[in-house]
Amino acid sequence: MFKKYLRKLTPYLFITPHLIFFTAFLAFPAFYGIYISLHKWEPLSFNKPFIGLANYQKLFTSGTLQNRYFWNALVNTLQFVIFSVPALVLIGLLLAILVDSKIKYKGLFRSIFYTPVILSVTSVTLIWMWMLDSQTGLINYFFNQLGLESVAWLSRETPAWISLVVTTVWWTAGHNMLLFLAGLQDIPQHLYEAAKIDGASIFEQFWYITLPSLKPTTLFVTVMTTVASFNVFGQPFMMTQGGPGRSTQVAIMYIQQEAFTNYKMGSAAAMAIVVSLFIIIIGIFQFKIMSSDVKY
Amino acid sequence: MENKTSPTAKVLKYSFSYLLAILFIFPILWMLFASLKPSGYHVSQIIEWFLPPYSFANYFEVIASAPVLKWMLNSFIVSASVTFIVIIFDSLAAFALSVIDFKHKNLVFILFTIGLMVPTEANIVALFDIIQKLGLVNSYPGLILPRIAIPLGIIILKEFFDAIPRDLIDSARIDGCGLFRIYFSIFMPLSKAAIASIGIFTFIQAWNAFLWPFIAIMSKEMFTLPVGVPTFTDAYTPDYSIPMTVNMIASLPAIAAFLLFQKQIIQGIKFTGIKG
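Just so you know, the protein sequences line up as chains A and B, in that order. Note that UniProt numbering gives residue 289 to position 289 of the first sequence, counting from 1, and the numbers run on in steps of one. Note that UniProt numbering gives residue 74 to position 74 of the second sequence, counting from 1, and the numbers run on in steps of one.
Hints in this document: simulated from the structure, not taken from any laboratory. Hints may contain errors.
Said to hold, decoys possible - In silico DSS-like links for lysine-lysine, alpha-carbon gap of 30 angstroms or less:
| id | chain 1 | residue 1 | chain 2 | residue 2 |
| --- | --- | --- | --- | --- |
| 1 | A | 215 | B | 13 |
| 2 | A | 8 | B | 70 |
| 3 | B | 263 | A | 102 |
| 4 | B | 10 | A | 196 |
| 5 | A | 58 | A | 48 |
| 6 | B | 263 | A | 48 |
| 7 | A | 106 | B | 192 |
| 8 | B | 105 | A | 8 |
| 9 | B | 220 | A | 4 |
| 10 | B | 133 | A | 40 |
| 11 | A | 215 | A | 102 |
| 12 | A | 196 | B | 13 |
| 13 | A | 215 | B | 220 |
| 14 | A | 8 | B | 192 |
| 15 | A | 106 | B | 220 |
| 16 | B | 192 | B | 105 |
| 17 | B | 10 | B | 70 |
| 18 | A | 102 | B | 10 |
| 19 | B | 103 | B | 192 |
| 20 | B | 13 | A | 102 |
| 21 | A | 8 | A | 102 |
| 22 | B | 10 | A | 104 |
| 23 | B | 10 | B | 133 |
| 24 | B | 263 | A | 215 |
| 25 | A | 4 | B | 103 |
| 26 | A | 58 | B | 133 |
Required output: the full structure, derived from the provided sequences and hints.
Now the structure itself:
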């Protein structure tokens, strides 16, 4: 009797250790976040009264601070997504093709393109803040050598966006490269051989074989990159502090500020939920569009 | 692919590749060379950053004077604990999901999959409240526990376990092996490569984590490296040698891990697509 009971319990012995932490620190916070968002939740005050959807209303009523800054941050985030995702996907693909082609020292090239990926966001931003420094930076040095004026990279709006995107591309393009590389190596060689017999040029081969075969990889890379770009925080936080003004303040930065500087946890939780919904909807949308004619 | 490429195309391709490689490696080299220059080093020409004299004085200075070693220890304790626990817990759970039949198995699997899509960054507010109520703010467990919750390793390992032939289980069963024995003596050894790459990724990700440690750690003593490193920059002194030295020290373990385990990392990405 006891043994039978034990046998029934065994699967749960395997799964429970992780399930406890999953529930406590991932699943529960997701719901708890919704609960917090329905309260006036300020850690310094003793009462945390239920206020229904008021935190959400503030976001959607024009005239409130939250309304102005949140949508500003969300639009900035979208802007970052729109500029960085195509660059990250295309450059990732380009690097993969280079590394996959017949080239000497492929392994070395692959390592060089991938190395920035393993650095932390603080290392990356520190290096690039120096590269982009308007006085002592290398970029302006080259600009001057070419007879161009120095640019205040991090303190003017357009250059600041360019700086953030360039830094991000340098940091993470290598990751997409490896994903595309795996996709490229899965393409059966006989397709290329058949195409060559039919007299297809390199560009025709690329257009009619490589690109269509990479479609599932491209879909995966695009969705993952979009989600990652939506969650951008460290680069603007460190490099521009959201400035000039609030022109590069992104969603996670404002949520962090609202929660831990303004101590308005309820309001911040509501924003986090709106942002999550955005990410999920855009992810589904991308998936629908791009998978509509994926053939495996 | 055997393509007849014209010499010009070849030259173009090579020069383009070398140019890209220089663009990618240059910032890292700059960090390295700057760290080898005496603090307060003055240059009138950029090229001087790269020319001798070199010295390791900054490294000794930083290690002797600053809490960098303590931060490195903090980073190491957190990352190593996370990696160790993730490997054990995730492989156990993946084994259950792949091999054992039990009630609500599909439900658990779907839960894990949905859990992967919850943007961690969006969870920080609620997570902070929970960690605070548990009294874990400013502590190692406060950094370790939320990372263990991520079910990515389970999803990947389950896929890997699914590919192991079921005959092996049946014959082990006939020999009288229990489930735990099968897990430990058959599945774990057969999945060494997958487990190694999950371990390396988990370690590097934990080592580089910034947002959560930045929020959950209050005292300088408890900083991890990514949180501590920026405190060395001073907006008003244009001295880059010391910050870049700290930066090098902070990056070296990850770079070393990458160079040592390159094969596993690249192999790992191929069958997982996980973010480094």
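A quick look at each hint next to the structure:
1. 215/A <-> 13/B: Measuring from Cα to Cα gives roughly 25 angstroms; hence the hint holds.
2. 8/A <-> 70/B: The given pair, whose Cα atoms are some 47 angstroms apart, is violated under the 30 angstroms limit.
3. 263/B <-> 102/A: 20 angstroms, holds
4. 10/B <-> 196/A: Measuring from Cα to Cα gives roughly 19 angstroms; hence the hint holds.
5. 58/A <-> 48/A: Status holds; Cα separation ~17 angstroms.
6. 263/B <-> 48/A: 52 angstroms, violated
7. 106/A <-> 192/B: It holds: about 27 angstroms lies between the C-alpha atoms, which stays within 30 angstroms.
8. 105/B <-> 8/A: Status holds; Cα separation ~13 angstroms.
9. 220/B <-> 4/A: 53 angstroms, violated
10. 133/B <-> 40/A: Holds. Residue 133/B to residue 40/A sits at ~18 angstroms (cutoff 30 angstroms).
11. 215/A <-> 102/A: 23 angstroms, holds
12. 196/A <-> 13/B: 21 angstroms, holds
13. 215/A <-> 220/B: 47 angstroms, violated
14. 8/A <-> 192/B: 29 angstroms, holds
15. 106/A <-> 220/B: 43 angstroms, violated
16. 192/B <-> 105/B: Distance ~25 angstroms between residue 192/B and residue 105/B Cα, so the pair holds.
17. 10/B <-> 70/B: Violated, at about 51 angstroms.
18. 102/A <-> 10/B: Roughly 10 angstroms between the alpha carbons, so the hint for residue 102/A and residue 10/B holds.
19. 103/B <-> 192/B: 29 angstroms, holds
20. 13/B <-> 102/A: 10 angstroms, holds
21. 8/A <-> 102/A: At roughly 56 angstroms apart (the allowed maximum being 30 angstroms), residue 102/A and residue 8/A break the hint.
22. 10/B <-> 104/A: Status holds; Cα separation ~11 angstroms.
23. 10/B <-> 133/B: Violated: residue 10/B and residue 133/B sit about 63 angstroms apart, past 30 angstroms.
24. 263/B <-> 215/A: Holds - the C-alpha atoms of residue 215/A and residue 263/B are around 26 angstroms apart, at most 30 angstroms.
25. 4/A <-> 103/B: 16 angstroms, holds
26. 58/A <-> 133/B: Distance ~28 angstroms between residue 58/A and residue 133/B Cα, so the pair holds.
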